[in-house]
Amino acid sequence: QVQLKESGPGLVQPSETLSLTCTVSGFSLTSYGVNWVRQPPGKGLEWMGTIWNDGSTDYNSALKSRLSISRDTSKSQVFLKMNSLQTEDTAIYLCARQLRDWGQGVMVTVSS
Amino acid sequence: DIQMTQSPPSLSASLGDKVTITCQASQNINKYIAWYQQKPGKAPRLLIRYTSTLESGTPSRFSGSGSGRDYSFSISNVESEDIASYYCLQYVNLYTFGAGTKLELK
Numbered sequence: 001q002v003q004l005k006e007s008g009p010g011l012v013q014p015s016e017t018l019s020l021t022c023t024v025s026g027f028s029l030t031s032y033g034v035n036w037v038r039q040p041p042g043k044g045l046e047w048m049g050t051i052w053n054d055g056s057t058d059y060n061s062a063l064k065s066r067l068s069i070s071r072d073t074s075k076s077q078v079f080l081k082m083n084s085l086q087t088e089d090t091a092i093y094l095c096a097r098q099l100r101d102w103g104q105g106v107m108v109t110v111s112s
Numbered sequence: 001d002i003q004m005t006q007s008p009p010s011l012s013a014s015l016g017d018k019v020t021i022t023c024q025a026s027q028n029i030n031k032y033i034a035w036y037q038q039k040p041g042k043a044p045r046l047l048i049r050y051t052s053t054l055e056s057g058t059p060s061r062f063s064g065s066g067s068g069r070d071y072s073f074s075i076s077n078v079e080s081e082d083i084a085s086y087y088c089l090q091y092v093n094l095y096t097f098g099a100g101t102k103l104e105l106k
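Protein sequence lines correspond, in order, to chains Y and D.
Residues 1 to 112 in this note's numbering are what the first sequence lists, from first letter to last.
Residues 1 to 106 in this note's numbering are what the second sequence lists, from first letter to last.
In case anyone wonders, no lab produced these hints; they're calculated from the structure.
As the structure is a computational prediction, the values presented were derived from the model and not from experiment.
Some hints could be false.
Have a look at the derived ranges for each label pair, beta carbon to beta carbon [what the hints assert, rightly or not]:
hint: 1; chain 1: D; residue 1: 81; chain 2: Y; residue 2: 5; range: 22 to 32 angstroms
hint: 2; chain 1: Y; residue 1: 11; chain 2: D; residue 2: 28; range: 41 to 51 angstroms
hint: 3; chain 1: Y; residue 1: 66; chain 2: D; residue 2: 15; range: 42 to 52 angstroms
hint: 4; chain 1: D; residue 1: 81; chain 2: Y; residue 2: 66; range: 31 to 41 angstroms
hint: 5; chain 1: Y; residue 1: 62; chain 2: D; residue 2: 28; range: 14 to 24 angstroms
hint: 6; chain 1: Y; residue 1: 62; chain 2: D; residue 2: 10; range: 18 to 28 angstroms
hint: 7; chain 1: D; residue 1: 16; chain 2: Y; residue 2: 75; range: 29 to 39 angstroms
hint: 8; chain 1: D; residue 1: 61; chain 2: Y; residue 2: 104; range: 24 to 34 angstroms
hint: 9; chain 1: D; residue 1: 15; chain 2: Y; residue 2: 65; range: 44 to 54 angstroms
hint: 10; chain 1: Y; residue 1: 70; chain 2: D; residue 2: 76; range: 41 to 51 angstroms
hint: 11; chain 1: Y; residue 1: 75; chain 2: D; residue 2: 61; range: 38 to 48 angstroms
Calculated pairs, EDC-like style, for lysine to aspartate or glutamate (alpha carbon to alpha carbon, straight line, at most 20 angstroms) [what the hints assert, rightly or not]:
hint: 12; chain 1: Y; residue 1: 43; chain 2: D; residue 2: 17
hint: 13; chain 1: Y; residue 1: 43; chain 2: D; residue 2: 82
hint: 14; chain 1: D; residue 1: 42; chain 2: Y; residue 2: 101
Interface residues of chain D toward chain Y, partial, derived using beta-carbon atoms under 8 angstroms [unchecked claim]:
hint: 15; residue: 89
hint: 16; residue: 99
hint: 17; residue: 100
Note that CB positions come from ideal geometry on N, CA and C, so glycine has one too.
With the rest of the complex left out, here is chain D:
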């Protein structure tokens, strides 16, 4: 099974900041990583697939990058609506979610 190590578990940011979340896979996942946003009481929302491809409706302040085992997800110019939890997901071999990152306002 592929493990996904996501960090940090929590993040505090001011409006307008840039924040970055990382996920490291236990083996090469060949860019098959997606990123989700989840707000309290809501289902996850797919933001990015295949490392850096933005889903329709995902604002351009969200971005993803990486290769091999190491991947990152960034939000530039954090807005109040971005306050949520974020999860990475590998899908090269079945599926594994990262443990999540809770983004809070400073």
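So here's chain Y without its partners, still in its complex pose:
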């Protein structure tokens, strides 16, 4: 059974760095890519980036300068790091396998 679960701080200070973890089970990160998608409250979905099964990455050009996605295959975990957070980065952050199987998401609020 494929499962993904996001974890991380619920509150981040402006200008600081967001660190999130997506822990997966039921599949191997060396066989499937994992995406990060976010959704501000009451707004639409935004693809953030992908770490492919070979470990290479692609990013949304609008976020590329602030975003890094990495993984630890031994722990079945994918990591998101995004720096210089602002209030407009307040959103639910979701990870997904091939944009087909999704985690439940984690709410991140950027506020002082």
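Starting from the structure of chain Y, add chain D where the hints point.
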């Protein structure tokens, strides 16, 4: 980057109606479009991929069509469980979501 223009932003329908949502890509996406349903507080659910291929478990009242830059998604005989937001996604070159369409009951 490929842009996806989705319309309408919102839609009001009665039970049993047929509704259609459109997405126009900023360039030819060669049918690499998917459609998602999202209910409040839930993760998106993939309904259709490659323009018109229904995912396992997607009811047959959902359909998709299109080519080139222009695509549509329809629900025939809207049911109460279809009340949700719907998003298109291009995946020919990385990924871009449309802005979404909120389907409400009239």
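Verification of the hints:
{"no.": "1", "hint": "D/81 <-> Y/5: 22 to 32 angstroms", "verdict": "holds, 26 angstroms"}
{"no.": "2", "hint": "Y/11 <-> D/28: 41 to 51 angstroms", "verdict": "holds, 43 angstroms"}
{"no.": "3", "hint": "Y/66 <-> D/15: 42 to 52 angstroms", "verdict": "holds, 45 angstroms"}
{"no.": "4", "hint": "D/81 <-> Y/66: 31 to 41 angstroms", "verdict": "holds, 39 angstroms"}
{"no.": "5", "hint": "Y/62 <-> D/28: 14 to 24 angstroms", "verdict": "holds, 22 angstroms"}
{"no.": "6", "hint": "Y/62 <-> D/10: 18 to 28 angstroms", "verdict": "holds, 25 angstroms"}
{"no.": "7", "hint": "D/16 <-> Y/75: 29 to 39 angstroms", "verdict": "violated, 50 angstroms"}
{"no.": "8", "hint": "D/61 <-> Y/104: 24 to 34 angstroms", "verdict": "holds, 27 angstroms"}
{"no.": "9", "hint": "D/15 <-> Y/65: 44 to 54 angstroms", "verdict": "holds, 48 angstroms"}
{"no.": "10", "hint": "Y/70 <-> D/76: 41 to 51 angstroms", "verdict": "holds, 44 angstroms"}
{"no.": "11", "hint": "Y/75 <-> D/61: 38 to 48 angstroms", "verdict": "holds, 42 angstroms"}
{"no.": "12", "hint": "Y/43 <-> D/17", "verdict": "violated, 26 angstroms"}
{"no.": "13", "hint": "Y/43 <-> D/82", "verdict": "holds, 19 angstroms"}
{"no.": "14", "hint": "D/42 <-> Y/101", "verdict": "holds, 12 angstroms"}
{"no.": "15", "hint": "89", "verdict": "holds, 7 angstroms"}
{"no.": "16", "hint": "99", "verdict": "holds, 5 angstroms"}
{"no.": "17", "hint": "100", "verdict": "holds, 4 angstroms"}
The structure fails hints 7, 12 (numbered hints given earlier, in ascending order).
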